[in-house]
Amino acid sequence: GAVVSQHPSWVICKSGTSVKIECRSLDFQATTMFWYRQFPKQSLMLMATSNEGSKATYEQGVEKDKFLINHASLTLSTLTVTSAHPEDSSFYICSARPLRTSGLLKGETQYFGPGTRLLVL
Amino acid sequence: EDQVTQSPEALRLQEGESSSLNCSYTVSGLRGLFWYRQDPGKGPEFLFTLYSAGEEKEKERLKATLTKKESFLHITAPKPEDSATYLCAVSGGSNYKLTFGKGTLLTVNP
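Protein sequences, first through last, are from chains H and G. Counted from 1, the first sequence has number 75 at position 75 by this note's numbering; the numbering is strictly sequential. Counted from 1, the second sequence has number 181 at position 60 by this note's numbering; the numbering is strictly sequential.
Just chain H, with the same shape it has in the complex:
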């Protein structure tokens, strides 16, 4: 249980293009999904929190027009990096918090996806 997938796992794009990253909870419904960014040898930095059917809440310093988040269902959230530039190159990781506690699945716990490596040339 608690499987979260991300697609794609890596992407290379040209400067100025937009890139969409999908995050899916495969075996549970997620009331909340989170998007993180991680730089080499650093810990995770929270970018935004999204709840199904409502607007995402962005952390201070994160440009909401640059990083568009859509949480269309209880199992899918997307992050779109618009007009990507080389400084947006990073490792993007999503997590999902279960709608309810069930068996080994805990409602307070975030379960993470495998990450997406973005390289903008």
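Just so you know, these hints were derived from the structure itself, not from any lab.
Listed below are the simulated DSS-like cross-link pairs for lysine-lysine, each with C-alpha atoms no more than 27 Å apart in a straight line: (1) H:K41 to G:K218; (2) G:K223 to G:K189; (3) H:K41 to G:K163; (4) G:K163 to H:K14.
Put chain G on the given structure of chain H with help from the hints.
The following block gives chain G in isolation, referenced to the frame of chain H:
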């Protein structure tokens, strides 16, 4: 503001040499303390959630404990495959956001 400090930053062990990782925290209204393992180039893998002081959880060679100010991750007779970065995080108050420590990079030599 929630804060998490992990020590040491890096730890090198010989296979079979037991040790502990430390996570000191300050949080308003602890909702949970979480331990994750992260391998290079991958997302964090969930290990444990601890909710209150005195709680302990075990999984294979790992045991996590919690006091009101810190948590320990004990590694008994580690193997090379236990090599990874171990992350500690807390969630407090009315939201479910996590505050992460910087992690401990564990290397277990055969």
